[in-house]
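So the sequence lines, in the order shown, correspond to chains A and B.
In this text, residue positions in the first sequence follow our numbering: the first is 1, and each later residue adds one.
In this text, residue positions in the second sequence follow our numbering: the first is 1, and each later residue adds one.
Fair warning: there could be bad hints in the mix.
Unchecked claim - Derived pair list, reagent style DSBU-like, types lysine-lysine, alpha-carbon separation capped at 35 Å:
#	chain 1	residue 1	chain 2	residue 2
1	B	57	B	42
2	A	64	B	58
3	B	37	B	22
4	B	111	A	55
5	B	71	B	37
6	A	55	A	20
7	A	20	B	68
8	B	22	A	14
Please keep in mind that the hints were generated in silico from the structure rather than gathered at the bench.
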Amino acid sequence: GAVVSQHPSRVICKSGTSVKIECRSLDFQATTMFWYRQFPKQSLMLMATSNEGSKATYEQGVEKDKFLINHASLTLSTLTVTSAHPEDSSFYICKVSSGGSDTQYFGPGTRLTVL
Amino acid sequence: GENVEQHPSTLSVQEGDSAVIKCTYSDSASNYFPWYKQELGKGPQLIIDIRSNVGEKKDQRIAVTLNKTAKHFSLHITETQPEDSAVYFCAASPLTGGGNKLTFGTGTQLKVEL
């Protein structure tokens, strides 16, 4: 069965609005969650790493005020795209891991389209 | 930082043939190497991984080999089937522990033709 879920699976919004994406670890407590962005036919680009109960660590070039990450519990992390613009349209994917294993599982992804 | 290169970018094989995808990495400290399969519109799915203490790992039709000296690792798919068609990504991580960042290759579009 699924290890990680994301909601919504796809969202279309108007430019200037904010969109929240949820990532849930279903099978284990995820001490660390990662958020990726993937443009069509490209590889996965890490945006940020979030640890439960602490602030997320953002990759260079990723605006932390635009992409708000909250990892409030060991099973839930949220990514909020604030004031979304068409260039934010992308496939956003979370990845979870437990602290005791290298194995990491991706969520099914969220397709964001900003009109 | 780590740099992972992946080849080829596209690969077409006939059903039943074998497919091989190769990756190289730059950081000699990397010791965890997973492979992911991504179907269109879906998140990547872990299909096999290998750690630096072994040179080869096999799971049914899928195998991965690792050469730490040469810093390269490969994915081998035997008896390919149409459902193997997808994008495959290799990755490398320099440290053990689930919280470490993976560096991904650029992906290989595999097409298995009937």
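We went through each hint and held it up to the structure:
{"no.": "1", "hint": "B/57 <-> B/42", "result": "holds (26 Å)"}
{"no.": "2", "hint": "A/64 <-> B/58", "result": "violated (41 Å)"}
{"no.": "3", "hint": "B/37 <-> B/22", "result": "holds (14 Å)"}
{"no.": "4", "hint": "B/111 <-> A/55", "result": "violated (41 Å)"}
{"no.": "5", "hint": "B/71 <-> B/37", "result": "holds (22 Å)"}
{"no.": "6", "hint": "A/55 <-> A/20", "result": "holds (17 Å)"}
{"no.": "7", "hint": "A/20 <-> B/68", "result": "violated (42 Å)"}
{"no.": "8", "hint": "B/22 <-> A/14", "result": "violated (42 Å)"}
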